[in-house]
Structure formats: structure tokens, C-alpha cells
Amino acid sequence: MNLLSILIFLPIVAVLLILVLPSAHQQRFKYISLGVSLIQFILSVFIYTRFNNTSAGINKEEQFQLIEKLPWIRLDLGSIGKLEIDYFLGIDGLSMPFLMLSALIMFVATLASWEIKTNLKAYFSLFLLLNTAVMGVFCALDFFLFYIFYELMLLPLYFLIGMWGGARREYAAIKFFLYTLFGSVFMLLVIIGLYFSVLNPATGNHTFNMILMMDPGNYIEGSVFSAIAGQSIFGISARLLAFIVLFIAFAIKVPIVPLHTWLPDAHVEAPTPVSIILAGLLLKVGGYGILRICFSIFPDSAIQSAWWIGLIGLISILYGAMNALAQTDLKRLIAYSSVSHMGFVLLGIASATTEGISGAMLQMISHGALSAMLFFLVGMIYSRVHDREISSFRGLAELMPQFTFFVMIAFFASLGLPGFSAFMAEAFSLIGAFTSEDVNGLLPRWMAIGASVGILLSAAYFLWTLQRMFFGQIRLKGGDVWKDQLVDVNTREKFALVPLAVLALLLGIFPSLLFDKMNASVLALVQLITG
Amino acid sequence: MEGLNFLENRGLIALLAAILPLFSFVFILSSKRGGGANFALSTISLSFLLSMYLFSHIWNAEPEHKQFSWFMIGKVQFYAGILLNNLSILMMVLVSGISVLVHIYSREYMKNDPNIHRYWAYLGLFCFSMLGLVISDSLLLIYLFWELVGFSSYLLIGFWFSKHAASQAAKKAFIMNRIGDLGFLTGILIIYTQFQTLDLARLFGDGGLISTSSIENGLWISGSQQIPAIWLSIAGLAFFLGAMAKSAQFPLHTWLPDAMEGPTSVSSLIHAATMVAAGVFLIARIYPVFDPLVLDIMVWVGAFTAFMAATIALTQNDIKRILAYSTISQLGFMVMALGIGAYSESIFHLATHAFFKCLLFLAAGSVIHQLHHYCEKYKHNFDHQDIRLMGGLRKRMPFAFFGMCLASAALVGLPLTSGFLSKDSILIRTFEWTATREGVFVILPWLMVLTSWLTAFYIFRLVFKVFFGESREIKADKLGQISDSPVQMKYVLLILSFFCTFIVFAFNPASFESSWLWKGFEVSMIREISVYHWLVPLILNLGSFLLIFITYRIYVLDNGPQSMKGTWLYRISNQEWFFNEIYNFMFIRSVERLSLLSYRFDRTVIDGLVISMATLTKTISSIIDWFDRRIIDGLVNASGSLSRYIGRFFKNFQSGRLQHYLTTMLLVVLSFFILSYLI
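So the sequences go chain by chain: A and B.
Read in the numbering used here, the first sequence has 487 at position 487, and its numbers run on one by one without any break.
Read in the numbering used here, the second sequence has 74 at position 74, and its numbers run on one by one without any break.
By construction, these hints were calculated from the structure, which means they are not laboratory data.
Bear in mind that the values here come from a model prediction, so they are computed numbers and not experimental data.
Beta carbons: idealized from backbone N, C-alpha and C, even for Gly.
Just so you know, not all the hints are guaranteed correct.
[Said to hold, decoys possible] Quick list of the computed label-pair ranges, beta carbon to beta carbon:
id, chain 1, residue 1, chain 2, residue 2, range
1, A, E221, B, I624, 40 to 46 Å
2, A, H25, B, L609, 29 to 35 Å
3, A, Q402, B, D383, 33 to 39 Å
4, B, D113, A, A24, 38 to 44 Å
5, B, S621, A, G235, 47 to 53 Å
[Claimed, not checked] Partial list, computed: chain B residues near chain A (C-beta under 8 Å):
id, residue
6, F68
7, F71
8, G74
9, S162
10, L185
11, F382
12, K475
13, D477
14, Q481
15, I482
16, S598
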């Protein structure tokens, strides 16, 4: 059995175990989940150390690593040909970092799940199912398989938000579900269109193989998405339309302004572990999808739309930061800050330069760790006093010095203090966006300069929050009762926070830990996009 | 043998010197409560010794450049390394040396603070960042330390974070510095785009990329790379913006006076002697990037800042605030000097200023410290930073008085002090430079002379109010309770006093050209005009002495002209030119309002759109539902009902009663006959 399959299906095994165990053992479920993510993390570290840095991947199947390719569905459809769906997994420099991130975030989210008290069997079953889906998305190289994992993420998330969430959980769950479904339904149309446009040269069948879709030579002459045929739908080039549809599907997850409004609601209503997964992983699936699918399969359309994508990134950065500044609820503030920080990912990707895409990748990993940390910290306050209004707290630094210490790390790392990963990531996204005009002429320079204002605004909202909640004299809404409830960080919480902080610090000081692994892939991707 | 190798490896020594304080930061922070004073002091002392060792080997000798590959993006390799030349080695000694003194001073000054370990840890972080900043060899690294310096300054300003004003000031300092950082970052973007490297040696060294790049036909060309020439100016302006924020130049100066909320020892180290000089250091380090346009802007920004800050200092009453504005003013001098090309003069002034300004703060700190203890001891609460409430301390605190007088003399630039050499050198250069310029530049040197005279007034106003005359708040009989500060603090004042004299910097007290420090840097291109070399100091000092005398008459003999209080000039000065109010109104309020507006937009318009789409879908589906139930299902039901009616109708015929059948048959036959008959 392949390592990747173990990584993906280990949680399913755990789900089966949980389902057969009687509910009397339900206090042990979290340890099962914790064990699973720990094993996954060890496996992913193993993969990381054994990873071949020089093998680019992207559009060369033979350069992918840990490939597992099994014929899965073969159905003779008569005149249309033979249905060819593979169980096709493999990783390159674009996906490998996400495996580690996923395992880490799942670990932290499990530690945050200690606060879940009801219906543990269902909770951990769904939680582990989500784990499988996320891992699968990052490994799948068959578009059909990818789509299955992609949709599989929605189901557990819907229930996790809808059943264990806050007061308006059902509203938020449905909003989240419909929003993302809206994107992916149209994606399915594009997948079918691609299927009928692409032939596997080896077998002569239509195929869902993503890597084959990246080679213009595999397209049937005159097919819908053939670059040479230049078909159009509603007067728009079919390839451009397909690109836009796919982009919107993924961009909803990122999210972009103006398709972001599911995010604040989902985050605020979701229980802490789900917020952590949402921010730490789900948003990254969006960014990963844009790179792996939109930009790789439709590079021509990507270049056509780069200016707009850059603009969307810029708007997301500034608009998200502005909204974060206006928040009175700490969790909502962090949700909006996510919108702002993910804007840098879009800006970096849109630049289609090595600096920009490397920066965007680093930003995704970095934001994964930091947003998980931020939501975990908010969850800590909320689980203690069931309040997270900024104005309800004051002078927490004196009351909870260690908690404040972690908050300061998370805040300053997020606002781009050098030494932490977010700084490198944002700096290189900006460098990429700025050099783009000279390298490939995609983005104008003012976009990078405008986006740098986002860095200023992020300092403003984080420091303002710090000042309002943590400094000054102690003054709590709940008075002395709260004073007793607001105990400092405990050991379990430290186990969750320390790895995230260490990751952010490590990547900030030694970005080569990540860059070395993905340089070859990024170069190949840039080559693929800009030709 | 190995030890010898280590001493040979200067890069490593510099690295060690910088990292030692970081070690102290980590160690003290993780070891929790337990002081940490000795540990912090010993690491920084070791740093200082290492710096001195490096200084003795590198000053006026070959620069040392060591680098190693840091990371690689695509095909571009980024290096991290150490570049030691006269400028950085001077800064190293300056920073570590003053840090050692401030550490010693702080042992007494910060004694009994419950969170003292955090203080030592933060100081360690600051020293690490500052030393890292001065030895870094790439713009990216400098930026990294640049922000870390800002961060440690944030921590130290907000050291007493339970005080609202302190946390407010810390936030303000960080955010205003962030504005500058954006400029710095923009500069990096431009340089990287043009040269694909951020390496100082490759960019600015001899035959570096900057000097070999050229401007032709409005294009800035370097090798095969070319971008519009305007970006060279923008890059210069962007870096200058960074320097403006850090060195508190107009219009980004308002954070520095507020930063005085931090402990005085911190103000002395960070907000007077070292960190605020980082802006000037940056300009000096990347000097070749500035084109004539940017240099001219630098001149006016520096000159205006110097003048404006001096006018504000005239009427402030908080002892630290006066000194803060004095710092801003002196930094203005340095920036202006760099703008006119007086490079070595500016660095010279940076060095002398570091000592006398540090001394001013520490002397003021002694006064504050002793008054604070008096307040605590006698439960006599008054604002012990307000100079209007002080007075007559000369006899009670001779060390502080002596230090303060000497430092003030240096600040004003009176003969035999270090300030005389450096400040007058800047002014002489300004006169010489202006001789080659026309138009509005003519007023520049006179503006600077005026500023110098104002300096004499405000600093001696402070000295006279604090140390002369009668004690105003403390009763004369209680005055005896106040004594000079503890011995450690006194020694620090004495050492610093020594460094305010000319002898440290030059053997000839009258000529800055004899200074070893001045000679350590490239002599500027300004054409010398010898008459200025004696005329300018003469005018300056005559004026200064006159003003000091007038100040004495006003504040000690109470015999001056009518008070200016109430006039609009006084109000502008006292209210600090209303910058805080203007910024508050123009930026903070408007950003706040904009953010609320955008949130409302988000809720009502964007989310409103989503929700109304949902509502629309729901409405449509309920219409369809109605249609489905009433029309489509209605039709189905109707056809069902119809057949039921028909069925029921015919069912009646099948009643099974013969009478009915006969009657029906009869009716049918009868009607048949009737019909056929009629037709």
C-alpha cells in the first residue's frame, strides 16, 4: 500500500473503529483522533524528508512522487468510448507542503475538540471523515477523484457547523454549504467538458487525468476546450469561460471579495476546531486548486485574467483589513483578517512570477498555521467565559500573562513581523507582484504598492485589539466571576500552540525549509503558465 | 590555535556580539522571575568588548564582508551576511557602549519594578536587533532588523502597559513606524526589480550596480534591465520615508514625544541615542541610491523638522518632552546634513549627539527618579516630570546638575564640547553648500542658525527651571530630603560627561577637521570656503551666549520681557503645532469611519445581495410550490375528482334494485320514442 493511501484512509479506519466502539468509551474517541493525526504528521514528516527537491512534477507525470495509479472505474459506454477513471494519487512541490500542514492542523483541531461535550461519536466520525477528504484533495491527480474528495469535505463540515455550532449555526451551515456548492456544481460541467475534450494518448480513451489535461497536445481537434479550435460559448472563449467557472469555484473557498460573506458567519458560528480547519485548511484548498487546476490546465486564460485576479487580490487585502478594523467580535475580526491575508495569495499567484507564487505558497502555509493559532486562542477565551466581544475585556495581560504571550506571538506574526513566516510570504508576494510588470507584464506596479497598505492596516487592527483587550487596567464584563474563570494556558493548550508558533518562526527564519522543496515545481509552473 | 582562528574570524565575532543579547532575551524570558540584571549586563558587556575588538581591527582598515546563502527562490539566491565597515563598526561600538551604560544605570533606576525581568529581556531583544541592523549586509536583513527594532521599542514603550497612555503610545509608535516601513519595503521592491539582488555590497560597493546603472532617455538602465527613471527617485523617496519614520522627521515625528511614556532609561537608549539614529544610519548606508531630487527633499525635510521641533521645545513643560523634541530637532540637523552631502559631518554629529543626548536623558532620569522617591516617601503627589514644579535642585543633586549642564552645552554647541565640533561642522557645510545654490536655498543656513539659537534657549530654560531658583512644589525645609541618585547612576553620568567633551573626538577643540571620527569617512564634495570656518562658529556662539544670558534673566532673575503666554505663537508651540489633532482628524477618524462604512457595506450590500438572492430563490420556489400544488397537482387532482364523480355517477346505476333498473329502462325507452317522434 502506498504512503499516500495510508495517509488518506487512516482516518476512515479510525471512523470504523469509533463506530463499533460502544458509547461508553466515548471519552477515548479524541485520543483515537489525536493518534491518527499524530501518525499522519509523522508520515508527512517522513515524506518531507524523503522528498526529491529536483523533481518538478506539475505537468510531467513521471516527475510526481509517491505515485499510486490504479484503474478504478472502467465502463464501456459504446459509441462514446470507454469511461476511464483512475485512482490516481501523487505529490509534487505544490502539494507536499499541504500534507504536513493538514496533519498539523488536524492535530491542533483535535486538541481544540476537547471542548466538545455532546454526541462525541458522531462528532469524531465526521471529523475524521473530513480529515480523509482534505488529505485526498491534496493528493488526487485524477480530476474525478479530486472532485469526490472536494465535495466530500462539504458534508462533514455542514454537520459539524450545523450541529455543534453557536446560536445561529443552522443559518451559517446552510449558507456555507450553498455558497460552496454553487461554485462546485458548475465545476462539474467543466470537468465533463474536459473529459470529452481530452484523450489519453496511451489508451485512446477519454480521461480525467489532470496531468494529461495540461498538455494541449492531448486535446481532440475541434473539441470544446481545445486551445487551437478556439470554441466559444455565449460569445466568450470556451476555455476562458471554463477558467472563470473553475476560478470562481475555488475563489469562493479562498475566499475573495465579494464572494466572502459565508466566511465570517461560518467562522463565528462554527465550534473552535471547525474554525481552525476552515481557516487552516479549507481556504488553502481554494488556493491550491487555483494553482493546480485553473492555472495549470488553462494557462492561456490565466494570463488573460491575471490583471483581474490581481485586482481581486488587492481588493480582498484592503477590504478585508478595513472590515477587520470595524469588528467588535474577536472571532469575526480574525475571520476578516483571513480575507485580507488570503488576498496576498491571490496577488502572488496572479503575478505568475517565481517570487510571487513562492510567496503565495508560503503565505498559505503560514496563514494556515497562524490562523489556526488565532482561532485556537479565541476559542480559549470563549470556552472559559463564553464571550468574545472585544469590549468585554481589558487588561488581560496582567491576568493571563502566558496567554497574552501567545496572543502577542500570533498577532505580531500575523501582522508580518519579520522573523515570522507571514513577513517572508507577504514580502515575496509583493515582490512578485511588483516585478511582474518587467518579467511578464501581467500586473501593474501600483497593485503591489497598494497592497502594501494592507500590511499597515493589519498592524492597526491587531495592535488596536491588543491595546483594548490586553493592556490597561483589568476590567471585565463578568467581574470577579470571570477573573476566576480566566485561568492561564494549560498544558493541552500549550501542546497545540507551541508547534504552530514554532512552525511560523522556523519558516520565517529559514524559508528555505519550504522554498527548497518547491522551487523546482514553482519554476515548472511558471514555465507552464508563461511559456 | 582554535582561539586564534576565532579571533581571526571577524564575521563570527560580529555575529556573536549581536546574538549575545538575543541569548539574554530568550534566557531571561524563559527563566521567569528572578531579575536577570546581571545576566543582561554581562552579555551586553561582552558584546561591547567584542565590538571594541572589531573596532580596533576594522576602523580605517579593510571592510569585512562575510555571507552565506540563506534561501533560494526560483533561480535567485538570497544571501545573509555581515558587512563591517567604518560606518557599521562605529555604530556597533556606539550602540553596545551606550547600552552597557544604560544597563548599569537601569539597575538602580528600575529597581523594585515587579516585572523587572521583562525589562531586561526586552533590552536584550533591542540590543540584538540594533546590532543586527548595523552589521547586516542585505536590504532584506536590514528590513528584518528594522522592524524588530520597532517591535522591541513597542515592547519597551508599553512596558508599563497597565497605564493607558503607555499602551497608546506604544501602538502609535509602531503604526507610525509601519508607515515608514511601507516606504522601505517599496524601496526594496524597486531595487529588487531593477537589480535582482538586495545585497548591499553588490548594490552600493565600489563599482556596484547602482553606480554602474545609468539614466538615459528617461530610462533607468542597469545591464539589460530598464525601468522608467522616475522609479529611481521613487526608490530614494521610499527609503527616505522609512528613515523619516524611524528618525522622527516631519511629518512622521509625532510618535517620539509620546514614546516618552516608557521608562526614562529606555528613552535615553532607544529614543535618543540609538534607535532613532537608525534612520540616519540607513540613509548613510544606502547613500548612493538618492538622486539630487531626493537629496533636496531631504534637505528641506531635515531643516524644517529641526526648526519646528526646536520651536515646540521652547514651551513644553514636561522635562522628557523637551528632550524628545530636542532629539527630533538634532535628527533634523543630521538628515539635512546628509541632504547637502555633508556625509561625515552628519555621522559625526550622530555620534556626539548619542552621548550628550543620552546624558541629558539620564540626568533628567536622575531628577525624576529622586523626585519619585520623594513623592512616595512623603506621600506628596505631584507630576514629577513637570519642570514648572521643580527648581533649586542644583545644590541637592550636583552630579545631575553637572551632567545636565555639560550635555546642554554640547547640545548648544558651546566651545570645548563635542557638540561644538560636530554641530558647527554641519552649519559650516550648510553655508558652503548654499553658496553654490540659488533662490530659496539662501535662507537655509540662517534657518539652521536660528534653530541653534532656539536650542540654546529651550535647553537652558530647562536647566534654569530645574536646578536654579527656588523650589516651587517642594517646601524649602523638605528640599534637604532630596539627594543625588545612587552611586551606579552617578558614575554613568560621569562617564557620559567625559564623552561630551572635545577630547574624545579631536585634540584640537576648535577644528572638526582634526577629528579622527570625521576623517574616518569620505570627505564631502562641498567646496570649502575658509571664511566660514571661523565666522560661523563665532556668530553661532555669540548668539548662543547672548540667549543663555537672556534665559538666565527670564527664568532665574525673573526679570525678562512680558510673558508670551496666550499669544498665538505660544499656543502653536505649546500645542506642538497641532499635529496630533490634525492627524487625529484627518487620518484616524477617517479610517475609523471608512472601516465602519465598509463593514456596513459588507453587511447590507454584499451580504444583503446574497441574502436577497436566497430570499428570491425561496420566493420563486414558493411560487413554484403554489403552481405545483394548485395548478399541476390541481389538474391531476381534478382529473382524479372528475373520474370519481363520473364513477360515482355511474355507480348509482348499479344499485342492484330491479325497480330502479325497470324505471331507468322505461325512462330510456320513453325518451327515445319522444325524441324520435319530435325529430
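Hint-by-hint comparison with the structure:
no., hint, result
1, E221/A to I624/B: 40 to 46 Å, "holds (43 Å)"
2, H25/A to L609/B: 29 to 35 Å, "violated (48 Å)"
3, Q402/A to D383/B: 33 to 39 Å, "holds (35 Å)"
4, D113/B to A24/A: 38 to 44 Å, "violated (55 Å)"
5, S621/B to G235/A: 47 to 53 Å, "violated (31 Å)"
6, F68, "violated (11 Å)"
7, F71, "holds (4 Å)"
8, G74, "holds (3 Å)"
9, S162, "holds (6 Å)"
10, L185, "holds (6 Å)"
11, F382, "violated (22 Å)"
12, K475, "violated (33 Å)"
13, D477, "violated (37 Å)"
14, Q481, "violated (31 Å)"
15, I482, "violated (31 Å)"
16, S598, "holds (4 Å)"
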